[in-house]
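Visitor: Protein chains in written order, with this note's numbering: chain A, 20 to 361; chain B, 20 to 361; chain C, 20 to 361; chain D, 20 to 361.
One should not assume that every hint holds.
Since the list can't tell identical chains apart, any single copy or any two copies may satisfy a pair.
Computed cross-link-like contacts, EDC-like style, restricted to lysine to aspartate or glutamate with a CA-CA straight-line distance of at most 20 Å [as the list claims (entries may be wrong)]: (1) Lys22 / Asp235; (2) Lys105 / Asp272; (3) Lys289 / Asp76; (4) Lys22 / Asp189; (5) Lys289 / Asp73.
Think of the hints as simulated: they come from the structure by calculation, not from any bench.
Below are the chains, spelled out letter by letter.
There are 4 protein chains.
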Amino acid sequence: MTKNIAILGASGYTGAELVRLISTHPDLRIAALTGERKAGQPMASVFPFLRHLDLPDLCRIDEVDFAKIDLAFCALPHATSQAVIKALPGDLRVVDLSADFRLRDPAAYEKWYGQHHAAPELQAEAVYGLTEFYRAQISGARLVAGTGCNAATGQYILRPLIEAGCIDLDRIIMDLKCGVSGAGRALKENLLHAELSEGTAAYAVGGTHRHLGEFDQEFSAIAGREVRIQFTPHLLPMNRGILATAWLDGDADRIHNVLQARYADEPFVKVLPFGTTPSTHDVRGSNFVHIGIVGDRIPGRALVVAVLDNLCKGSSGQAVQNANLMLGLPETTGLMGAPVFP
Amino acid sequence: MTKNIAILGASGYTGAELVRLISTHPDLRIAALTGERKAGQPMASVFPFLRHLDLPDLCRIDEVDFAKIDLAFCALPHATSQAVIKALPGDLRVVDLSADFRLRDPAAYEKWYGQHHAAPELQAEAVYGLTEFYRAQISGARLVAGTGCNAATGQYILRPLIEAGCIDLDRIIMDLKCGVSGAGRALKENLLHAELSEGTAAYAVGGTHRHLGEFDQEFSAIAGREVRIQFTPHLLPMNRGILATAWLDGDADRIHNVLQARYADEPFVKVLPFGTTPSTHDVRGSNFVHIGIVGDRIPGRALVVAVLDNLCKGSSGQAVQNANLMLGLPETTGLMGAPVFP
Amino acid sequence: MTKNIAILGASGYTGAELVRLISTHPDLRIAALTGERKAGQPMASVFPFLRHLDLPDLCRIDEVDFAKIDLAFCALPHATSQAVIKALPGDLRVVDLSADFRLRDPAAYEKWYGQHHAAPELQAEAVYGLTEFYRAQISGARLVAGTGCNAATGQYILRPLIEAGCIDLDRIIMDLKCGVSGAGRALKENLLHAELSEGTAAYAVGGTHRHLGEFDQEFSAIAGREVRIQFTPHLLPMNRGILATAWLDGDADRIHNVLQARYADEPFVKVLPFGTTPSTHDVRGSNFVHIGIVGDRIPGRALVVAVLDNLCKGSSGQAVQNANLMLGLPETTGLMGAPVFP
Amino acid sequence: MTKNIAILGASGYTGAELVRLISTHPDLRIAALTGERKAGQPMASVFPFLRHLDLPDLCRIDEVDFAKIDLAFCALPHATSQAVIKALPGDLRVVDLSADFRLRDPAAYEKWYGQHHAAPELQAEAVYGLTEFYRAQISGARLVAGTGCNAATGQYILRPLIEAGCIDLDRIIMDLKCGVSGAGRALKENLLHAELSEGTAAYAVGGTHRHLGEFDQEFSAIAGREVRIQFTPHLLPMNRGILATAWLDGDADRIHNVLQARYADEPFVKVLPFGTTPSTHDVRGSNFVHIGIVGDRIPGRALVVAVLDNLCKGSSGQAVQNANLMLGLPETTGLMGAPVFP
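Go ahead and model the full structure; you've got the sequences and the hints to work with.
Guide: This is the structure:
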């Protein structure tokens, strides 16, 4: 039976990606799209690539009749999201794509996001949305907190390895490369084509990137002790894609075995043959994760590389995957589209 | 009922795009993939972005059991295609993506492609694959000749206008901009990233591009007189997309009316509001065509701009659309995927 | 003897390009850099690529001691420029890079820029800055108005042809392709990497682009009658470069002869062998113009393609070239740097 | 007094970059350009961006009169270079840009390049071309071996730190990002625009990249013990630029102090304020190196990022810098061109 969907904050890239995915999803129907500043506009004027679809115009959130909505995706900016979700009907299923409910500890939220949380009771209720590791809880959840896109990429590498105890927890370095759509449609000088194309730079250096809050929370919980990784992202001249390079102390063969076993039955996570590494080109526009493992020339050191599409598997695709579970649909419904190459 | 499909020449971009589209097509199943030089290799080693699919390995054409094939796509190079198709079972449905059967006249083929045609009898049988204009013939055809990607783009603009008699046939200029995937996976210096990115140039200048053979054939047939347009393509630093700018003598309002009326019921062709023009960004990865019409400041002169994705609507998407018709399936099956933006 | 230079409006791309060029100019010394909103900042914080230079910090215009300045480049936005230049010392040599003094007729300015001109007396005094065609006047000028970058490209093709009377003045079509730096450092959605890369679109369609004001003024003056060309620019996913494709009624051989003769002694304008066309890749970062001429398959129709770097020859390089003349220096001083390829 | 220069192997990117740099060098004159396969062709047909220069046509090496040459740049492929240089006059000054003379130990050469060295006596004679660290030897050298472009980038970070003893030599990780021109003009599938743009991947993973041979040789010599770093490069969708991210065990403040002191008087190496990191955009087309140092949130761990232009400072610019020294010219002559941005 078709489920009615609302997308709150549909004028950004993750909102548009949700519409893209849902447009060919057999069981979901877009019943409402909101955008406060662009209320009244047709979606096709905000995103002409959706011109072929018959979509409701953008409206304000207070114009949505939530009684008719089965599930709402919330693709609003951080901080706005918590206020909006707090005001929604208490029994409405919600998948939030912001950072607002990723951290369970109000103090951690305040540390990384620099402000008090307006809905700490919802923080406690929210289930962390990394589907492959929270599947059961997500199926029964009312509120799911989508992960950070960088945070998702890193966890696909590290969670099974920390759990298996096969790497040195005090020697985890993650050098990450990401495309620009992860920064959203914000008008910033460094996101202009003239400033970004044909070059690269690091950003949020030295352990200051907010997704470290998620790493700290999740890895420490798995390990049963505090785990602090080193992490620096680099902005690349490409639109979609994240490539995480993990430099690890551990046996590469064992690492490969652990990851291969862990993901053998996962429909979206593919572990490559030992010694080969993946490319972001090969997951663009899709919900797939590719992971490769290599041994270093120094014995006992390993390199693990993971790639995914930040807008899809790292955000909106993950959100649809979680929505499928919450609505009792097969998890892969609407998400098996092949990557777009070239 | 699921139809069994063979893709001959699956190691190029149009072959891979066919696999991408068919991978989520509910009624088609890939039964054979051929690649003479790469026979024996798994498709995932030639195109790692297809890693998640359960596909047959590449084989040689002579290894395919065509008795079990309902339809073959032929994505081979020009000239190779005619020899291969000539040797296939005479009752096998074939959609050819090469240039070999686009020109009905052997002399025209020789003029534009510089060699004798090896299967002139098939030239006569083949139906030209511009779906929106040859729908009935394609439905009953055994052999359909996919159009050139540039030729398709230009015809979406000009066919209805020539038919309506609303433009000066001796004053048609088409300035075309195309992405690099149209040139295929060939190893040529000018297709290297270092040579192509961050710049542009014209090519096949002054009326020498082979797709003019298709324009001449089709436009002259519609007009009932010889029509010769001026046409120069430019290579752009982008992978997918064609933008055709037609500079026309005619009344812009009437042109808009004619195109709007012609495409009102077409599922894949969208005519924009008068005065606005489309972007290739908005059709990337999809089977859609967007067309915009503008009046020039000089009365009686008009500008029409059309965009499509060369690999999809300009080639493999068109091929699947035609295959759907030939197999009695709804025409849009498997082709309604939204464009990928950004 | 070294000349002291001020750059007013040094925080934009044309200002930075002036600094780049002057940094290796043997006879010019940067004595002042202004930027109202960024006054007090070191240039290296606004443009880190200039980090190696010993430059004055940005200041406000009213802080500059113009008594010590030999020539000022004015790289301010349109409309701001006329107010600023009006208030400068009346004997200060000025090269303006804005649109404010390109149009000699106040009515034309008002038509194309939508406002009254604040300094019509300076409009009359200003010399149009297309060096190769206004060399003598520029040498003696106090105020030179830099051309539009698109306008410059088009004029290198058309001025000699109109003067020679070898093309049909009522049949001039110019299809232009330009890189994004021409739009400046403005924060606009369509200039974001995610929106601009990997695609193209037309803009300012149908005869509405402001550089048409320059074309109309110049071409009509040369022809001694009103000349109105058709012109549509397209925005390309590249940072630097303009490629203008002119579709002309005229004899291609004669056109080639006229252009070759006209530019034979010009140090920066290179006419290619007949039948070949240029690439923007080959002028990137330089002050050179490359022009190619091709005959169409339709007799009497010709294609002329010209390329230049919009920031250099189309703007700041032209400005330095003009400044050299105004200061009695050899015209090519500091401008012979080879293009940067790849 | 003008020195006569020969460039052997002028049809590749480093050869063309040499021509670009020398074209505005006041004391060098290009007397011969060789290209075996393209002998007889004008340089402008191989590299149209050099069209404005008056250059000798390409010739074969055996056609060059070396008696009239003051210095030869050898930009030939690895292995070819050693055979060619061995056959040159024994007193001819040579700057080699290949890998052939970077490793002093024939066994090391054989290990990393998989073949016997044909001129081991020249290996012994050659001076390693990292100018800032071999200045005195280069000034008196007859044969200088240009460094690997990745190897140069890494050494600007690590040499002073190893020498100062301020980092853990067993915990050096270098995650490198490089543009595609470093791979040369080779026709390889993964270098095509369609395969490379809009994505990234690692290559030469796990300690297999040949530039490790240089790291091992140089770092072990400085440390007086064997030093083996971990190193993996990633190929980015950009043409020029290398960004090396070094993950180090050491005190970030001390590291900053050491690097700042070491490079205070170097004209081409700029150390940024503590806590900031550089971008490849800011060195494009130039001979500059920018280095930034950041402390990690984990005490005792530091991040150092260095950028340079692989074709210029990483190869041809370094070569000219060394040639200046060998010919008794001021070291910076012809190399102070500002980067090209945007």
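Visitor: Next step is simple, just say for each hint if it's right about the structure.
Guide: Now for the hints, and whether the structure bears them out:
{"no.": "1", "hint": "Lys22 / Asp235", "result": "neither (36 Å within a copy, 51 Å between copies)"}
{"no.": "2", "hint": "Lys105 / Asp272", "result": "neither (47 Å within a copy, 45 Å between copies)"}
{"no.": "3", "hint": "Lys289 / Asp76", "result": "between (38 Å within a copy, 19 Å between copies)"}
{"no.": "4", "hint": "Lys22 / Asp189", "result": "neither (46 Å within a copy, 55 Å between copies)"}
{"no.": "5", "hint": "Lys289 / Asp73", "result": "between (35 Å within a copy, 13 Å between copies)"}
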